[in-house]
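Visitor: Those protein sequence lines, which keep their order, are chains E and Y. Here this note's numbering is used: the first residue of the first sequence is 1, the next is one more, and so on. Here this note's numbering is used: the first residue of the second sequence is 1, the next is one more, and so on.
Calculated directly from the structure, the hints in this document are not laboratory data. There could be a bad hint or two in this list.
Copies of one chain are not kept apart here, so a pair can be met inside one copy or by any two copies together.
Only pairs whose alpha carbons sit at most 27 Å apart, straight line, appear in this in silico DSS-like list of lysine-lysine [said to hold, decoys possible]:
| no. | residue 1 | residue 2 |
| --- | --- | --- |
| 1 | Lys248 | Lys208 |
| 2 | Lys200 | Lys218 |
| 3 | Lys218 | Lys180 |
| 4 | Lys180 | Lys60 |
| 5 | Lys248 | Lys60 |
| 6 | Lys52 | Lys240 |
| 7 | Lys180 | Lys200 |
| 8 | Lys208 | Lys45 |
| 9 | Lys60 | Lys45 |
| 10 | Lys248 | Lys45 |
| 11 | Lys248 | Lys52 |
| 12 | Lys240 | Lys60 |
| 13 | Lys45 | Lys240 |
| 14 | Lys200 | Lys240 |
| 15 | Lys200 | Lys60 |
There are 2 protein chains.
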Amino acid sequence: MLEIRDSAIVRVSAVREEIRAGRFVGQTSTIAPGILQGNVAIVPKSYADDFKRFCDLNPKPCPLIAVAAPGDPYLRELGDIDIRTDVPSYHVFRGGERVAEVADIGDIWTEDLVTFIMGCSFSFEEALCQAGLTSRHVEMGCNVPMYVTNSQANPAGPFSSEIVVTMRPYTPERAIEVIKLTARFPRNHGAPIYFGNPDKLGIRDINKPDFGDSVEIKEGEIPVFWACGVTPQFAIARAKPPIAITHKPGCMLVTDRLSREFMI
Amino acid sequence: MLEIRDSAIVRVSAVREEIRAGRFVGQTSTIAPGILQGNVAIVPKSYADDFKRFCDLNPKPCPLIAVAAPGDPYLRELGDIDIRTDVPSYHVFRGGERVAEVADIGDIWTEDLVTFIMGCSFSFEEALCQAGLTSRHVEMGCNVPMYVTNSQANPAGPFSSEIVVTMRPYTPERAIEVIKLTARFPRNHGAPIYFGNPDKLGIRDINKPDFGDSVEIKEGEIPVFWACGVTPQFAIARAKPPIAITHKPGCMLVTDRLSREFMI
Chain E
1 MLEIRDSAIV
11 RVSAVREEIR
21 AGRFVGQTST
31 IAPGILQGNV
41 AIVPKSYADD
51 FKRFCDLNPK
61 PCPLIAVAAP
71 GDPYLRELGD
81 IDIRTDVPSY
91 HVFRGGERVA
101 EVADIGDIWT
111 EDLVTFIMGC
121 SFSFEEALCQ
131 AGLTSRHVEM
141 GCNVPMYVTN
151 SQANPAGPFS
161 SEIVVTMRPY
171 TPERAIEVIK
181 LTARFPRNHG
191 APIYFGNPDK
201 LGIRDINKPD
211 FGDSVEIKEG
221 EIPVFWACGV
231 TPQFAIARAK
241 PPIAITHKPG
251 CMLVTDRLSR
261 EFMI
Chain Y
1 MLEIRDSAIV
11 RVSAVREEIR
21 AGRFVGQTST
31 IAPGILQGNV
41 AIVPKSYADD
51 FKRFCDLNPK
61 PCPLIAVAAP
71 GDPYLRELGD
81 IDIRTDVPSY
91 HVFRGGERVA
101 EVADIGDIWT
111 EDLVTFIMGC
121 SFSFEEALCQ
131 AGLTSRHVEM
141 GCNVPMYVTN
151 SQANPAGPFS
161 SEIVVTMRPY
171 TPERAIEVIK
181 LTARFPRNHG
191 APIYFGNPDK
201 LGIRDINKPD
211 FGDSVEIKEG
221 EIPVFWACGV
231 TPQFAIARAK
241 PPIAITHKPG
251 CMLVTDRLSR
261 EFMI
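Just chain E, with the same shape it has in the complex (with noise of 0.2 Å):
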């Protein structure tokens, strides 16, 4: 074990180097077997303890998996982490509107800003696809299909959100194994939280995903549906904070453990 992660961290530590320096800004999803990922969220101190509530309630979309002190930009928990150069591309708000996307955010850092962690679909996958579980958009090379749904998050304060969703399709014999599966992965997303029907969830057009690509369905196959890191950045819209910072959407935060070390 101790040998697996200091091979893992050696790999992760060139591919940090690369995003501090700026010299990597894309998609991160093959770019550390068996390393954690997460969404990033940071918020003003102000939002940060309703923000919080809103993860505490709403943890299959949220799983908070760390929280840094008010203008710390360090993650000491999850490795040897800056946040203002650690992430490969940055989404900026303002007022709740998409202003910027950048590979840094050094210059607009300050001492009122909260950075929240939270887990990703990236390590369940790596899993469905050791189990011969492969989702059907890594098998596509495509982006997992994303659903605005009709189902409300448990709003705080400001925060609120429908619940958005991925969605992998799977026969129902299959499904079975990834619901076991995913189960054991609670701090990235977990196991789904509906399959079958998408018009229970409101979804009108399966082959029409609100984000992502749509993947084909085939015959014996029924759509399984998991909570989806888009919904936090839905929130902070809705709850337009003065200023608020991402990650692009899946250009992740590589941290320095390992995913197994968030199993059950």
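Go by the hints and put chain Y onto chain E.
Guide: Below, chain Y alone, put in the same frame as chain E:
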């Protein structure tokens, strides 16, 4: 834990005394909360290796808990158990045909018989109730509906059978929780093997189970199917050994072990 175990064992001792004396010959579903109960199959020594292999090849319908040495009526690893007296009611088969229902097999026991004990769903039924996911047949106070499927168990020597399944209806959201919970009971049939369209299992009319009672499937619910301990009884009937003995369905062996000792 020790205290729970001790108080459960005290209760079980009283139950066993009644069963051993032939005063209790009925269903065992609620008589020993927290205690592991088992399906029983007893076959001649010359059939035992094949039957063992049949169980090993089909762990979902036939999850082995214990196998006794040939001729040994005691199951020490499961507690103070004499298999000749400690099952409330037995079915006796000769040449694959059921020829008797008895409360004691002391008079037909021989040195040539080998006892197999397999886990049963009573263990997870209790856990489902405690989790607010009570099975419909338990709510209705009737037997679980069972169906003979068109899916074949893996054969071993003379032992072969269609897989028999039990059915419990749930909404998709609740089915996900039920899959997660029953997966923790691999020695009690574990997670379901299928959900959704009964046609795929060759079930013509879900309202007409082959055994047990029909239960209501409410609007928004889907049928969820588990492998069933009746499967090995089918295999024994097909193999036609000169003698075989099983428990009468529902009248299980009550052990001295806790269900939770077999959970993962």
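Visitor: For each hint, tell me whether it holds in the structure or not.
Guide: Verification of the supplied hints:
1. Lys248 with Lys208: within (22 Å within a copy, 54 Å between copies)
2. Lys200 with Lys218: both (20 Å within a copy, 15 Å between copies)
3. Lys218 with Lys180: Both, since 22 Å and 25 Å are each at most 27 Å.
4. Lys180 with Lys60: both (16 Å within a copy, 15 Å between copies)
5. Lys248 with Lys60: within (20 Å within a copy, 44 Å between copies)
6. Lys52 with Lys240: Within one copy, since 16 Å is at most 27 Å while 65 Å is not.
7. Lys180 with Lys200: The answer is both: 23 Å in one copy and 22 Å across copies each meet 27 Å.
8. Lys208 with Lys45: neither (37 Å within a copy, 62 Å between copies)
9. Lys60 with Lys45: within (24 Å within a copy, 53 Å between copies)
10. Lys248 with Lys45: within (22 Å within a copy, 66 Å between copies)
11. Lys248 with Lys52: Classified as within; 21 Å inside a copy, 56 Å across copies.
12. Lys240 with Lys60: within (23 Å within a copy, 52 Å between copies)
13. Lys45 with Lys240: within (14 Å within a copy, 75 Å between copies)
14. Lys200 with Lys240: So Lys200 and Lys240 fail the 27 Å test inside a copy (29 Å) and across (50 Å) alike.
15. Lys200 with Lys60: within (18 Å within a copy, 32 Å between copies)
Hints 8 and 14 from the list above are not met by this structure, while the remaining hints are.
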